[in-house]
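K.L.:
Kindly produce the complete structure, drawing on both the sequences and the hints.
Sequences listed follow chains A and B, in order.
Be aware that the first sequence starts at 1, since it is given in this note's numbering, and climbs by one per residue.
Be aware that the second sequence starts at 360, since it is given in this note's numbering, and climbs by one per residue.
What you were told as hints is all true, and nothing was included just to trick you.
Chain B is nowhere near these chain A residues, computed Cβ spacing over 10 Å in every case:
hint : residue
1    : N179
2    : C213
3    : K218
4    : P292
Once the Cα atoms are required to be at most 20 Å apart in a straight line, the calculated EDC-like pairs of lysine to aspartate or glutamate come out as:
hint : chain 1 : residue 1 : chain 2 : residue 2
5    : A       : K94       : B       : E489
6    : A       : K94       : B       : E479
7    : A       : K76       : B       : D477
8    : A       : K94       : B       : D477
9    : A       : K76       : B       : E489
10   : A       : K94       : B       : D475
Rather than coming from a laboratory, the hints here were simulated on the basis of the structure.
For glycine and all other residues, C-beta sits at the position ideal for the given N, C-alpha and C.
Given next are the chains, with one letter for each unit.
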Amino acid sequence: MLEVNVKKIFPGFKLDVSFSADQEILTLLGPSGSGKTMTLQCIAGLAQPDEGFIKLNDKTLYDSASKINLPPQMRKVGFVFQNYALFPHINVYKNIAYGICNLPKPQIKDRISYLLEKMNISELSQRYPRQLSGGQQQRVALARALAPEPEILLLDEPFSALDTQVKERLEIEILSIQNFYKGNILMVTHNLAEGYKLASKIAIYDSGRIIQCDRKQKVIDSPANYTAARLTGVRNLFKGTIIGIEQRQVLVIIPELGDKVRVDLKGKMNLLPDQSVTIGIRPEYVHLSDHPVENTFRCVADRIIEGVSSVNCFFHVQGKTGAKHWMEAILPKSDLERICIGQEYYLHLHPEHLNIFRD
Amino acid sequence: MTESYLAPLWISCKTVLTATVITFFLGIAAARWMARFSSRYKGLIDGIFLLPLVLPPTVVGFCLLLFFGKNGPMGQLLLSFGTTVIFSWPATVISAVVMAFPLMYMTSRGAFEQVDSDIESVARTLGASEWRIFWSVTLPLAWPGVIAGTILSFARSLGEFGATLILAGNIPGKTTTIPVAIYFAIQAGNMEEAFILVGIVLVIAFLSLAAIAYWKGRQSLYKISPTRQQSAE
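P.N.:
Here it is in structure tokens:
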């Protein structure tokens, strides 16, 4: 169980976050410079917050009120740096042994061969970091951090320097760490796909604050606000005004789309008629429709980007505002033949997949 | 008189070795301290440490003479113990240390500051004490720079003339180092002795440069790039 509530003020930037995690992988997701790495450094004791507390499994690591600030040496925190920060002058075996040198020799040996095997790098134990590939260095860094059996594992952008294939293999590796490592894992990333795959919970960072911290599916299905929506890949966002409220749905008039749209409330309260709101939908939930039913909009296909397994299609909508507005759809490959640039289509936005945010 | 170069050679060897050992530890300690030290006086202290590098050696010698002289603070203190360093062999060491210190300090501080702070941080999270981190991580990674600084200090101590002459004087067999001996040999028209001593210094200077080049080469061995891929992956 990790509980964090810290404030730290820099010139022109303020970190003020509060979250908890329990025996799970929590992803801190957000743009660079939003304070994710600083949060990890505060937990590890490499940076000192101005105020707040950090508790890890009933042990207080930091508490400004009672003036507790354990040095990093005492925190039992495993830290994997973005650049891995392996000791370049000693071999893999000694790198992993660095944090457990107080154990008896045979025990060190057992622990290292166990970790080498778990990370699939047994054959590399005598190599030096400069003789390793990026992925291998990452595995060594993980093994080294896990060796002293830390109570929490902190991963700072663990895949940013790796190419796609190596990255995919390592993602599996990190998920399998959970089979033998029972502590918390906290991971920092700016990549939603990466964060989603590994995490069970996601905390969304924006300029030093957490704007949403939920189970990962919740974060995707109902972002807490406009910024959270933008950061989690809701790329179709339109401004509108509420014109009707029903039991579970609202009607919103969207000038940019030239029509009204029906949106599921999904438990959101406190919406009033005539309130200005923003509605959003993920491009993968925009579908082609054959008939102009409710929540469909006439759009002109403008650009098509064919991907490996899907098609990104950019439509423009002629709204009442006179300007062109974009609607992005991620369509299945089978729709590729149906779409010609310049032709009109009906795009359907399902009420269940629409999100609504107060401005 | 043919072997008169032996005494200066012996004195220089003793002086340079002693001075290099002292400078090595003093320089590393100061560099380590300053690399982590933050205060508004940092610039001032840095300036004081580097001063002997930019001052003429005679000026440094004059200041040392005032400091260690009969009326100077250090001279008074030593006198109360019934001793003095002026015009004695230790004076050649003191002058050499003071003149060589900035080189050792500057070079090893640069080397310490180049050590990736993430590597030291990771050692901290692995439970290593600051002392252990210094000996097992920082110093080994900065070692090529520290060695380069040591070789530069060694060469500077060997060449020390101005401050040595002022503080230690020219007492043959006692304080006459090679540079001082060369000067007085030329003054006395003893060109043969001057030639031999100059030859010795030239050889040592070339060896020092070669050693620095070797260590600079070693330094690049520690560089790793995280994105480098190998067949095994």
